[in-house]
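Go ahead and model the full structure; you've got the sequences and the hints to work with.
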Amino acid sequence: MKVDMIKTHGEPVLTEPVCACIGYFDGLHRGHRALIDETIRRAKAAGCESALITFSPDPWITIGRMQKVQHLTTLQQRIELAGKMGIDRVIVLDFVKEMAELSPSAFIDMLAEHCRLKALICGFDFHYGKFGSGSVETLKAEAAGRFDVVVIEAVNDQGDKISSSRISRCLEQGDVAEAGRLLGYPYEIRGVVVHGRQKGREWGFPTANLKTEEETLLPLGGVYAGEAESGGRSWKAMINIGHNPTCNPVRELSVEANLLDCTEDFYDQPMRLRFYKRLRTERQFASLQELIEQLHRDQQAVRDYFQELRDE
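Heads up, the sequence shown is in this note's numbering, so the first residue is 29 and it goes up one at a time.
Calculated directly from the structure, the hints in this document are not laboratory data. Hints should not be assumed to be uniformly reliable.
As the list claims (entries may be wrong) - DSS-like cross-link-like pairs, simulated, lysine-lysine; straight-line CA separation at most 25 Å:
1. Lys-264 / Lys-305
2. Lys-239 / Lys-35
3. Lys-168 / Lys-112
4. Lys-158 / Lys-72
5. Lys-264 / Lys-239
6. Lys-112 / Lys-146
7. Lys-168 / Lys-158
8. Lys-146 / Lys-35
9. Lys-125 / Lys-72
10. Lys-96 / Lys-239
11. Lys-158 / Lys-96
12. Lys-35 / Lys-158
13. Lys-72 / Lys-146
14. Lys-125 / Lys-112
15. Lys-112 / Lys-30
16. Lys-112 / Lys-72
17. Lys-125 / Lys-264
18. Lys-239 / Lys-146
Take a look at the structure:
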């Protein structure tokens, strides 16, 4: 996967022509896939590379509307997903204040100077330029005689548009199965395994405590059936998101994964957690013994979930 960075004032990045789609692409969900598929199709027809143009940091942060934005995917995840979907290169716009303040025409001029665009593919609701004043109509006018513009209409599912915000709402409600269906792949978070209080190990349920990036959107607190991956290997996992109210309360939201049939330590190692099904809410138990009994049931529920998948 080729990755390029475009700054407002800099040398042209691409010397070869490309067909590119443009957007923030948080999650690279099934709706985004329509843009990507069209981009790849046009690139093949034109005999050039396909590209995905995205922004970093989030435009909402740059223009000062929000100080903290949580995302379905980090920039690195978006790059990896684009590659898996068949995109040849990712172009990252260094979206600093100077770029955000470009007029719509100046923004397109900047883009055309840095990229030899043959076609630019965008969603029907794409906006660009200062205050988001540029639209698909102005884009078509600005691109006339320079490159083609292809506008993709909304991709609907069950009567509603597939969008990053819709998927975020699913996660905030704990419906990771629906989020995964709309994404087209299981929702995944990444982080580094850090030292915890090791209470789970004392109880017979050792956990990997994950430190995630601040921008990562965590599903609603509770216990989930999922999968953990580290070092190219994966394990079924019982994942807990919460504050451990019974015997090991913590103020900040914690992410812990009990890897089934695994006795290894993963301290300071990167780990990915994928979420498949929410099993229950987090709650406070009357005693440690009651908690341990529930953890045994949760662990069995994880095994049952994967067994049912195999039996389907």
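Against the structure shown, which of the earlier numbered hints fail to hold, in ascending order? 2, 3, 4, 9, 14, 17 and 18
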